[in-house]
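Novice: Sequence:
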Amino acid sequence: MSYIMFFTVHVKWGKEKYSDIELDTTEPTEVFKAQLFALTGVEPDRMKVMLKGSTLKDSWDTFKGLKAVSEI
Numbered sequence: 002m003s004y005i006m007f008f009t010v011h012v013k014w015g016k017e018k019y020s021d022i023e024l025d026t027t028e029p030t031e032v033f034k035a036q037l038f039a040l041t042g043v044e045p046d047r048m049k050v051m052l053k054g055s056t057l058k059d060s061w062d063t064f065k066g067l068k069a070v071s072e073i
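In this note's numbering, the protein residues as written are 2 to 73.
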């Protein structure tokens with residue numbers, strides 16, 4: 002069984018929307034948070050990244066419901 006490791010996500014932050022953000026689950030979660038920091042200016046340790054009720058922690062295993070195109 003193969004798993005998708007690369008995703009395109011849409012990020013909502015406040016009233017802002019960022020489309021087509023590349024997410025690679027083979028990299029640590031800190032890499033994705035650094036991408037979000039570059040877009041929003043929010044420090045990674047102050048972020049709460051959520052997807053349909055699950056919160057991104059230090060591992061991608063805690064992030065349930067991620068699919069090919071998701072909105073976070």
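Hints may be right or wrong, so weigh each one.
[What the hints assert, rightly or not] Okay, derived cross-link-like pairs now, DSS-like style, lysine-lysine, Cα gap no bigger than 25 Å in a straight line:
| # | residue 1 | residue 2 |
| --- | --- | --- |
| 1 | Lys16 | Lys49 |
| 2 | Lys18 | Lys58 |
| 3 | Lys34 | Lys65 |
| 4 | Lys58 | Lys34 |
| 5 | Lys16 | Lys53 |
| 6 | Lys34 | Lys13 |
| 7 | Lys16 | Lys34 |
| 8 | Lys65 | Lys49 |
| 9 | Lys53 | Lys13 |
Keep in mind the hints are simulated off the structure, nothing from the lab.
Novice: Does Lys58 pair with Lys34 here, judged by a C-alpha cut-off of 25 Å?
Specialist: 11 Å, holds
Novice: When you check the alpha-carbon spacing of Lys18 and Lys58, does it fall within 25 Å?
Specialist: Given pair Lys18, Lys58 holds - Cα atoms ~22 Å apart, limit 25 Å.
Novice: Is the Cα-Cα distance between Lys34 and Lys65 25 Å or less?
Specialist: Status holds; Cα separation ~17 Å.
Novice: Starting from Lys16, check that the Cα of Lys34 is at most 25 Å away, please.
Specialist: Answer holds: Lys16 to Lys34 is near 19 Å, not above 25 Å.
Novice: Given the proposed pairing of Lys34 with Lys13, does the C-alpha separation stay at or below 25 Å?
Specialist: Status holds; Cα separation ~14 Å.
Novice: Given the hint that Lys53 pairs with Lys13, does the C-alpha gap stay at or below 25 Å?
Specialist: 13 Å, holds
Novice: Is Lys16 within 25 Å of Lys49, Cα to Cα?
Specialist: 16 Å, holds
Novice: Keeping to a limit of 25 Å between CA atoms, is the pair of Lys65 and Lys49 held or broken?
Specialist: It holds: about 15 Å lies between the C-alpha atoms, which stays within 25 Å.
Novice: Would the pair Lys16 and Lys53 pass a check requiring their Cα atoms to be no farther apart than 25 Å?
Specialist: 18 Å, holds
Figure legend: structure checked against the earlier numbered hints; every hint is met.
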